[in-house]
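A.B. asks: Given next are the chains, with one letter for each unit.
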Amino acid sequence: MIDLNNFTPFSSLIGGLIIGFSVILYLYTTGKLAGISGIFANTITNSNNRFANILFLLGLIIGPSIYLLINNANFEITKSIPLIIVGGFLVGFGTKLGSGCTSGHGVCGISRLSVRSIVATFIFVMIAMITVFVLQKIGIH
Amino acid sequence: MSQNFFSLLSGIIFGIGLIISGMTNPEKVIGFLRITDNWDPSLMFVMGGAIIFASPFMFLFRNKKTSLLGHELQIPSRKDLDKNLIIGSSLFGIGWGLVGLCPGPAISSLVFLNPVSLVFLFSMSVGVVLQKTLIK
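Taken in order, these protein sequences are the chains called A and B.
Basically the numbering used here = 1-based index in the first sequence + 86.
Basically the numbering used here = 1-based index in the second sequence + 105.
Some clues are possibly wrong.
Below are the DMTMM-like pairs computed for lysine to aspartate or glutamate, each with C-alpha atoms no more than 20 angstroms apart in a straight line [said to hold, decoys possible]:
1) K223(A) to D89(A)
2) K223(A) to E132(B)
3) K223(A) to D187(B)
4) K237(B) to D187(B)
Hints in this document: simulated from the structure, not taken from any laboratory.
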């Protein structure tokens, strides 16, 4: 069944279009792809362009702060701290090993029809769905 | 200078897109990943919208060597499917499914001032550094 109470096709589409615009603005001006796991990893492990990378990451916090001045948004997280720690570690390790995340592979890569990104996105979405399914089966919501 | 300005501006716009879309709410992301029960397909619209907007501009730029500001384009050209890509994406998928946060939304979620975001980002940093140390 589809969860119609939480289904937000309109705002999600608008948000997606804005993300697409940001990706193109970033590429057309700086010449780089807006893969956030890459920008994050470079910020902590690579001194090249560090200041510009920090500014991009700061923007990711400033943007939503501006939005929160005029509108509300929810942040619901139900998982226990050990799960958060394991999840965060796997997201950091996995995106570094796999060269990308939802933005780098899922948006930038698919938009330019990169075979690697299409395969990577298929894998991480499928595995994430299986993970959620398994957690639900063993009673961890 | 312009590099810095446009990095900040792109980050701000990206972050606004993330919060409007609902990606900064881990439970909404879990709702999308929970296809077998009470599924919330919204996040398909996020990725769909971003790809629909970006694709034609990626296509127009495909043969360019430099950006409009004259910076060299840094676009990966690899086409091989190696085991790092497969294993890395799988591990990322497990982590994303466990919590409902991927890197961008994890950073943006700091605006909610919930310490859990910091815990997640700290572990994420450890994962990045360990990967870089272990695998060259």
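A.B. asks: Each hint should be assessed against the structure and marked as holding or not.
C.D. replies: Cross-check of the supplied hints:
no.	hint	verdict
1	K223(A) to D89(A)	holds (19 angstroms)
2	K223(A) to E132(B)	holds (17 angstroms)
3	K223(A) to D187(B)	violated (32 angstroms)
4	K237(B) to D187(B)	holds (17 angstroms)
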